Amino acid sequence: HGTEQFIQSARASRKQAKEAAAAKGTKRIQGTRRKKAKENTVTMSNRVCHFKLVLLGDTAVGKSCLVVRFVRDEFFEFQEPTIGAAFLTQTVALDEATVKFEIWDTAGQERYRSLAPMYYRGAAAAIIVYDITNPDSFAGAKSWVKELQRRGDPNVVIALAGNKADLESRRKVEFEEANAYAEENGILHLETSAKNASNVKALFVEIAKKLPKTPPQPEREAFPIVTPKQENRSCC
1 HGTEQFIQSA RASRKQAKEA AAAKGTKRIQ GTRRKKAKEN TVTMSNRVCH FKLVLLGDTA
61 VGKSCLVVRF VRDEFFEFQE PTIGAAFLTQ TVALDEATVK FEIWDTAGQE RYRSLAPMYY
121 RGAAAAIIVY DITNPDSFAG AKSWVKELQR RGDPNVVIAL AGNKADLESR RKVEFEEANA
181 YAEENGILHL ETSAKNASNV KALFVEIAKK LPKTPPQPER EAFPIVTPKQ ENRSCC
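Per the UniProt record's numbering, residue 1 is the first one in the sequence shown, and the count goes up by one each step.
Calculated directly from the structure, the hints in this document are not laboratory data. Owing to the predicted nature of the structure, the values given are computational and were not obtained by experimental measurement. Honestly, I wouldn't trust all of these hints.
Here are the simulated lysine-lysine pairs, DSS-like style, with alpha carbons at most 27 Å apart [stated by the list, open to error]:
(1) 100 / 209
(2) 100 / 195
(3) 201 / 142
(4) 210 / 100
(5) 172 / 209
(6) 209 / 146
(7) 210 / 146
Ranges between beta-carbon positions, derived for each pair [what the hints assert, rightly or not]:
(8) 153 / 202: 16 to 26 Å
(9) 47 / 78: 31 to 41 Å
(10) 174 / 96: 15 to 25 Å
(11) 48 / 177: 36 to 46 Å
(12) 174 / 91: 32 to 42 Å
(13) 168 / 114: 34 to 44 Å
(14) 111 / 209: 32 to 42 Å
(15) 139 / 111: 17 to 27 Å
(16) 205 / 76: 16 to 26 Å
(17) 77 / 154: 38 to 48 Å
(18) 170 / 213: 18 to 28 Å
Glycine included, every Cβ here is placed at the ideal spot set by N, Cα and C.
Generate the whole structure from the sequences, applying the supplied hints.
Structure, rendered in C-alpha cells:
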C-alpha cells in the first residue's frame, strides 16, 4: 500500500507541474500579445511625418557642427568643411506626431553658392546660421533670408540661428539686433552653441511645431553628395 501511495503521489506531482508549466506558458503568450497590441497602438496614434530641411549660411559658422550635435549628440573642435552637401536624418517627437527631418547640410564656401537652390527647392524648413562673433556672417544670413523669401517655397519655415553662443566674450552681433530682424521678417530666432548643446534640440523642436503635420509628398530629386577632403576647419 505504501508503494501505491508513493506512485499516486508522484503522478499527482507531475500532473501539477505540467499544469503549472502550461499556465505559465499561457500567461507568457498573453503578455506578448498585450505588448504587441500596445506597440501597434503607439505606432498608429503617433504617425511619422517627413520634412525636408536645409541648412544655409556662410562658411565656418558651424552648420555641420549644429547638425552633428542634433543627430549624433557629438561635437568636434575641428570639423571638416562640407563640400557640396551632406545628408542626415533625425526625428523630433511631438504630442500629435513624430517629425522626421531629412536634413541637407550645404557647403558655405562661395564657390558652392550656385548649388544652393537645388537643395532648398521643395524644403519645408530652413535654418540660416550665423556666427555671433562675426558680423559679416550675420549680413550673409540676411542675404540668405532674402533669397529664400524670393525663391524658396512660399510656406517654408525659416529659423535664424546665432551659433557659437558659448563665445559671449567675443560677441559682435547683439541678440536684440538679430531678434528684431527676425521679428520684422516673421521668422524664428534662437542663439545656439553646438559646443555645449545649448538650444540645439530646442531649435529643431520649435521648427517641428510650426510645420503642418500632413505635408505634401515632394518630388524626388537627385542631389550630388561629395565626400569631403581631409581638411580641418574650426567650427563651434
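Consistency of the hints with the structure:
1. 100 / 209: holds, 12 Å
2. 100 / 195: holds, 24 Å
3. 201 / 142: Given that 27 Å is the threshold and the Cα spacing comes to 23 Å, the pair holds.
4. 210 / 100: holds, 14 Å
5. 172 / 209: violated, 30 Å
6. 209 / 146: holds, 23 Å
7. 210 / 146: Given pair residue 210, residue 146 holds - Cα atoms ~20 Å apart, limit 27 Å.
8. 153 / 202: 16 to 26 Å: Since residue 153 and residue 202 have Cβ atoms about 24 Å apart, the given range 16 to 26 Å holds.
9. 47 / 78: 31 to 41 Å: With Cβ atoms ~40 Å apart, the hint holds.
10. 174 / 96: 15 to 25 Å: Given a distance of about 36 Å, which is not inside 15 to 25 Å, the answer is violated.
11. 48 / 177: 36 to 46 Å: holds, 38 Å
12. 174 / 91: 32 to 42 Å: holds, 34 Å
13. 168 / 114: 34 to 44 Å: holds, 35 Å
14. 111 / 209: 32 to 42 Å: With a Cβ separation near 36 Å, residue 111 and residue 209 satisfy 32 to 42 Å, so the hint holds.
15. 139 / 111: 17 to 27 Å: This hint holds: roughly 19 Å between Cβ atoms.
16. 205 / 76: 16 to 26 Å: Given a distance of about 24 Å, which is inside 16 to 26 Å, the answer is holds.
17. 77 / 154: 38 to 48 Å: Between residue 77 and residue 154, where Cβ atoms are some 39 Å apart, the hint holds.
18. 170 / 213: 18 to 28 Å: violated, 40 Å
Against the hints set out earlier in the document, violations occur for numbers 5, 10, 18.
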